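Keeping the supplied structure of chain R fixed, place chain C upon it in accordance with the hints.
Number of protein chains: 2
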Amino acid sequence: MAKPFLLGVLGGMGPLATLDFQQKLLDATPADSDQQQLPSVVWNVPQVADRQKALAGRGPSPLPQLLLGIEKLNQAGVSHIVIPCNTAHHWFDELSYASAAPLLHIVDATLEGLVALPQKPQRVGLVATQGTLDAGWYQRALAQKGMEVLLPTADELQQWFVPGCYAVKRGALREGGELLSLQAQALLARGAEQLLLACTEVPLALRTVAAPFLSLTHDPAQLLAQRCAEIWLEYRHSYFPHTQSNNWNK
Amino acid sequence: MAKPFLLGVLGGMGPLATLDFQQKLLDATPADSDQQQLPSVVWNVPQVADRQKALAGRGPSPLPQLLLGIEKLNQAGVSHIVIPCNTAHHWFDELSYASAAPLLHIVDATLEGLVALPQKPQRVGLVATQGTLDAGWYQRALAQKGMEVLLPTADELQQWFVPGCYAVKRGALREGGELLSLQAQALLARGAEQLLLACTEVPLALRTVAAPFLSLTHDPAQLLAQRCAEIWLEYRHSYFPHTQSNNWNK
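Those protein sequence lines, which keep their order, are chains R and C.
By the numbering used here, the letter at position 211 of the first sequence is numbered 199, and the numbering carries on one by one without gaps.
By the numbering used here, the letter at position 154 of the second sequence is numbered 142, and the numbering carries on one by one without gaps.
Among the clues, some could well be false.
[What the hints assert, rightly or not] Restricting the straight-line Cα-Cα distance to at most 30 Å, the calculated cross-link-like pairs of lysine-lysine (BS3-like) are:
{"#": "1", "chain 1": "R", "residue 1": "Lys(-9)", "chain 2": "C", "residue 2": "Lys41"}
{"#": "2", "chain 1": "R", "residue 1": "Lys41", "chain 2": "C", "residue 2": "Lys133"}
{"#": "3", "chain 1": "R", "residue 1": "Lys108", "chain 2": "R", "residue 2": "Lys133"}
{"#": "4", "chain 1": "C", "residue 1": "Lys108", "chain 2": "C", "residue 2": "Lys133"}
[What the hints assert, rightly or not] Simulated restraints, written as ranges between beta carbons of each label pair:
{"#": "5", "chain 1": "R", "residue 1": "Lys(-9)", "chain 2": "C", "residue 2": "Ala131", "range": "44 to 54 Å"}
{"#": "6", "chain 1": "C", "residue 1": "Val103", "chain 2": "R", "residue 2": "Pro18", "range": "42 to 52 Å"}
{"#": "7", "chain 1": "R", "residue 1": "Lys108", "chain 2": "C", "residue 2": "Leu204", "range": "51 to 61 Å"}
{"#": "8", "chain 1": "C", "residue 1": "Gln147", "chain 2": "R", "residue 2": "Arg195", "range": "29 to 39 Å"}
{"#": "9", "chain 1": "R", "residue 1": "Arg162", "chain 2": "C", "residue 2": "Ser84", "range": "35 to 45 Å"}
[As the list claims (entries may be wrong)] Non-contacting residues of chain R with respect to chain C, defined by C-beta distances greater than 12 Å in every case (computed):
{"#": "10", "residue": "Ser84"}
{"#": "11", "residue": "Ser87"}
{"#": "12", "residue": "Pro90"}
{"#": "13", "residue": "Ala104"}
{"#": "14", "residue": "Gln118"}
{"#": "15", "residue": "Ala123"}
{"#": "16", "residue": "Thr141"}
{"#": "17", "residue": "Leu202"}
{"#": "18", "residue": "Ile219"}
In short, the hints are calculated from the structure, not lab data.
Since the structure is predicted, the reported quantities are computational estimates derived from the model, not experimental observations.
Quick reminder that beta carbons are idealized off the backbone N, C-alpha and C, glycines included.
Bound-form chain R, shown alone (with noise of 0.2 Å):
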């Protein structure tokens, strides 16, 4: 038998984005009954080093606080780690090295899901920090799938996207809402024909002022959770294919 199915996620960048991708895996996982939902241990600390600040070079390294949640998670027994958080990605590799257990990376699990998309997108407009998109991740991988790509200006960034991002860390998401909408539309103005929300503060912003773009938009937080979610169907059918109705523990 496998390692048990049990997943880590790193989390805490931000806090309410951790609960949403929780939320998202719940919502990704059909299920007739609390045990046949997927198994999870959450790392929601919250006291790490501003990702963004540190990339700007402006602030101390998370690293140190990374790599202390991806031991405590696999002294929990973890059999896979995600990070909801795109930023964090720029501290990937290190992580993967000092874990036994595989993360996946949220940037795989977009692009499956988009390439699987009835009708993939030609014109992608990338929502993202500036430590995403310098790490240029995106960019590369929808390239590579024939996609185009629009980034946010420096200036939309400063004006909108940041002081957006940071409304919702300190819970004001309608407020942060408003902003990230503003930094959505220029982007669908010059042309994307669809937006990428790789930070994982926008979208849960974007829903509270339920703006009307939203139809186009997708999320690599949900694209990840679906890719966890498959994972733990896969396990739960094959070893556990008697729980398909509501008898998990009879």
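Quick look at chain C alone, frame taken from chain R:
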């Protein structure tokens, strides 16, 4: 310096109630940044034998799985543990005994919250599982504080409470909310002035049907979250007095 504050949440019972509890922790914590939010580790493993069936003598005990969660949370370094499931408090003593970190009891937090109200309720209707009702914790604690308690009848539980509760567990929140709403209204009709929603599935289901009597209810999970937030704020204030606005980690 005291052991660093880190809340352990023994969750999974059910997984949606565990999420709801985490949302309540966020709501109960004033914070200007990610870093000011309460740190937690959440063992959200729903593969725990059914508590209601175990207490009715119709299924295996969940104790071994609960003890595993307690062990893993302690290994992760938690300073306190809470269980956002009233029924699981049946095993509170065994779990406390096995845990280095103290467990906070949901009934204690609830009573502290109720007696601190400007107007203490006189006649309280108790919405809870048969297991919680049989245990008598809430009845004794409320009586000690001079409050009268009204209980659901066996018929009401069978007709409304139990199917409502299991509806929530399979994600049918609205259906659950309608059934649980009937249970709540029956208690109000028999003279309860206020209701104690002493099963963590209940408040989240009633919210979805926008039950008109919600202002008359008290939610033990919320009162427990409030208690946790108080402990965190005291710790944060003692050890991080400079983090009162947006400058943690700067």
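Outcome of the hint check:
Taking the CA atoms of Lys(-9)(R) and Lys41(C), the gap is near 29 Å; set against the 30 Å cutoff, the hint holds. Pair hint Lys41(R) plus Lys133(C) does not hold up; C-alpha atoms about 52 Å apart against a cutoff of 30 Å. Distance check on the hinted pair: Lys108(R) and Lys133(R) sit about 9 Å apart at the alpha-carbon level, within 30 Å; holds. As the CA atoms of Lys108(C) and Lys133(C) are separated by approximately 9 Å, the hinted pair is consistent with the 30 Å bound.
Distance hint check for Lys(-9)(R) and Ala131(C): the Cβ-Cβ separation is about 49 Å, which falls inside the suggested range of 44 to 54 Å. For the pair Val103(C) and Pro18(R), the supplied restraint of 42 to 52 Å holds, since their beta-carbon distance comes to about 43 Å. The hinted window of 51 to 61 Å between Lys108(R) and Leu204(C) holds, with their beta carbons roughly 52 Å apart. Distance hint check for Gln147(C) and Arg195(R): the Cβ-Cβ separation is about 36 Å, which falls inside the suggested range of 29 to 39 Å.
For the pair Arg162(R) and Ser84(C), the supplied restraint of 35 to 45 Å holds, since their beta-carbon distance comes to about 42 Å. The beta carbon of Ser84(R) sits about 21 Å from the closest Cβ of chain C, which is more than 12 Å, so the claim that it is off the interface holds. Non-interface call for Ser87(R) relative to chain C: holds, since the shortest CB-CB distance, roughly 15 Å, exceeds 12 Å. For Pro90(R), the condition that its CB be more than 12 Å from all CB atoms of chain C holds, with the nearest at approximately 19 Å.
Consistency note on Ala104(R): stated as away from chain C, and its beta-carbon is indeed over 12 Å from all of that chain's, at 24 Å minimum. With a least beta-carbon separation of about 17 Å from chain C, Gln118(R) lies farther than 12 Å from that chain, consistent with its non-interface assignment. Every Cβ of chain C is farther than 12 Å from the Cβ of Ala123(R); the closest lies at roughly 20 Å, confirming the non-interface assignment. With a least CB separation of 26 Å from chain C, Thr141(R) remains clear of the 12 Å interface cut-off, as annotated.
With a closest Cβ-Cβ approach of about 21 Å to chain C, Leu202(R) is found to remain outside the 12 Å limit, as its non-interface label requires. Interface exclusion of Ile219(R) from chain C stands, the closest Cβ pair being 16 Å apart, more than 12 Å.
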